[in-house]
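Participant: For reference, the chains in residue letters:
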Amino acid sequence: MTKIPEEHTAAKALEESFRTLGEQRTGARRRRPSWGTARIALAALTSLFVVAGVATGTKVFLGDGGVFGTEHSGLEGLSGHVDPAPAYRQLARSSVRDPVEREPWGLRLFRSAKGYSCFTLGRVVDGRLGVIRGGQFREIPTRAAGICGDLEVHHYVLAARTYPPRTIPGGRTLVYGVVDRTVTRLAILSATGRRTPVRIASDGTFLVLRTGTAPFHLAHMVIDGSAGRQVQLLAE
Amino acid sequence: MGRGLLRLGHGRASPGFVRARDDPSTFADVYVEYHEQVLRFFARRTLDPETAFDLMAETFAELFAHIDGFRGETEEQGRAWMWTVARHQLYRWRERGIVERRSLERLGMPIASLGQVEYERIEDLADLQRVRPQLEQALDQLGSEQRQALQLRVLEHREYDDIAQQCGASEQVVRARVSRGLRQLAKSLAETAPAESEELLT
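From first to last, the protein sequence lines are chains A and W.
All letters in the first sequence, in the order written, are residues 1 to 236 by my numbering.
All letters in the second sequence, in the order written, are residues 237 to 438 by my numbering.
Hints listed in this document are in silico derivations from the structure and should not be mistaken for laboratory results.
Values in this document were obtained by computation on a predicted structure and should not be read as measured data.
Be a bit skeptical, because a hint or two may be false.
Said to hold, decoys possible - If you want the footprint, here are the derived chain W segments under chain A, 3+ residues with CB under 8 angstroms:
{"#": "1", "segment": "260 to 266"}
{"#": "2", "segment": "374 to 384"}
{"#": "3", "segment": "413 to 424"}
Unchecked claim - Examples of chain A residues lying across from chain W (beta carbon under 7 angstroms, computed):
{"#": "4", "residue": "4"}
{"#": "5", "residue": "6"}
{"#": "6", "residue": "8"}
{"#": "7", "residue": "9"}
{"#": "8", "residue": "10"}
{"#": "9", "residue": "14"}
{"#": "10", "residue": "19"}
{"#": "11", "residue": "22"}
{"#": "12", "residue": "28"}
{"#": "13", "residue": "150"}
{"#": "14", "residue": "152"}
{"#": "15", "residue": "163"}
{"#": "16", "residue": "167"}
{"#": "17", "residue": "196"}
{"#": "18", "residue": "199"}
We put the beta carbon where it would ideally sit given N, CA and C, even for glycine.
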């Protein structure tokens, strides 16, 4: 087998990505429990899936050249895809009010065992992150998965989630993530050219909420700083 | 023992799609083995290094994303699957004019920018001399700046920095002119010779 020359950096980077992803997938298969174990785990995790059900209709999206985190759902967690043993988990400093409901939206930050920067979106009540189901708050377990990316390499990790009107009246779309110190400013540039600054909290997190399910149609996230670029937001 | 081991067939045993299905950590070997062939396939049809690279990346991302569902038992079947995916990518690019990145997105894989060495290597893979007669014909349909850039780069084999100096533009601008011109040419070539030739696949 011929090796890819080192100076072919983009091709080499893809090889590295496939190697990492392949090893993760092989590792996940090895860790996958037997069906008997899985059934017990499923029963034990039923409540978690009710919580993780919030991911239904979720869209983590990517524009041209953007770096978005990889989402891990609770179900994938069962087969071992979730990075285990996070070094810490804390509520992020970004939060935003919901236009209708009482509970604000927030993020929980954590660093995965592999060193990635990760975050989980939810509703904040008494300093805890959770989801609202049938008017009741349910805390998202600290072992729940999140969206992860390598901040040291890409300087920003973005994600978005759309909640259809059947889950929240009017629907909601959130664009959120975390940036490192090389990113100085963030803004959303609409299709009509309107630029809306996005506040970056002191911990690097940001969170933007809009009602509806396609409020960012043809919009871009403008990222200023040494890793500056524009990333198209594909909210569809 | 994993499926595919000690299996007799026409295909090679390793590296291979069957092995990658059983052990996804070996998929990178499949990529290393075939990426250049796939890149050449796209380069010759898009005539644009960046588009060719993106299409190649999405092709392998799609293969990786669906490797569990690969039902073949030989390497030949794996290669046939690979070319089917590649042709499909090309078809979508021609239809929509953009490179889809659905599988790359799903896997969370960013694509690095092409460096100069890599960019020029893909131009070599495109073998632009092969389309020289059509290129000369197509040049008349281009604007003067694009025509000059393409003429100097493809017909006279001049370096980008040299062309930039002559055109009084930055190297980046010259690359963009060449790239746009080649894309236009690729479209007209696709219209005049839409049939895919299997021999060009390898």
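Participant: A separate judgement is required for each hint: does it hold in the structure or not?
Facilitator: So, going through the hints one by one against the coordinates:
Requiring three or more residues with a Cβ within less than 8 angstroms of a Cβ of chain A, the coverage given for the segment 260 to 266 of chain W holds, as 6 such residues are present. Only residues whose C-beta sits within less than 8 angstroms of a C-beta in chain A count toward coverage, and the segment 374 to 384 of chain W has 0 of them, not enough to reach three; the restraint is violated. Closer than 8 angstroms: that is the beta-carbon criterion, and the segment 413 to 424 of chain W has 0 residues meeting it against chain A, so the requirement of 3 is violated. The beta carbon of residue 4 of chain A is positioned within 7 angstroms of a beta carbon in chain W (closest approach about 6 angstroms), and the interface hint is therefore held.
The interface hint given for residue 6 of chain A is broken, as the beta carbon of that residue sits about 10 angstroms from the closest beta carbon of chain W, more than 7 angstroms. For residue 8 of chain A, the interface hint holds, since its Cβ comes within 7 angstroms of a Cβ in chain W; the closest pair sits about 5 angstroms apart. The beta carbon of residue 9 of chain A is positioned within 7 angstroms of a beta carbon in chain W (closest approach about 5 angstroms), and the interface hint is therefore held. With its C-beta approaching chain W no nearer than about 4 angstroms, residue 10 of chain A sits inside the 7 angstroms limit, and its interface hint holds.
Because the smallest distance between the Cβ of residue 14 of chain A and any Cβ of chain W comes to about 6 angstroms, under 7 angstroms, the interface hint for this residue holds. Of the supplied interface hints, the one on residue 19 of chain A holds, with its beta-carbon coming within about 4 angstroms of a beta-carbon of chain W, less than 7 angstroms. At a threshold of 7 angstroms, the smallest CB-CB gap from residue 22 of chain A to chain W is about 4 angstroms, leaving the interface hint in force. A distance limit of 7 angstroms between C-beta atoms decides the matter here; for residue 28 of chain A the minimum to chain W is near 9 angstroms, and the interface restraint is violated.
Taking 7 angstroms as the C-beta cut-off, the interface hint given for residue 150 of chain A is violated, the closest approach to chain W being about 9 angstroms. Annotation: interface hint on residue 152 of chain A violated; nearest CB of chain W at approximately 13 angstroms, more than 7 angstroms. Because the beta carbon of residue 163 of chain A sits about 20 angstroms from the nearest beta carbon in chain W, more than 7 angstroms, this interface hint is broken. Using the Cβ-Cβ criterion of 7 angstroms, the hint placing residue 167 of chain A at the interface with chain W is not satisfied: the shortest such distance is roughly 22 angstroms.
Annotation: interface hint on residue 196 of chain A violated; nearest CB of chain W at approximately 24 angstroms, more than 7 angstroms. A cut of 7 angstroms between beta carbons decides the hint on residue 199 of chain A: the least distance to chain W is about 25 angstroms, and the hint is violated.
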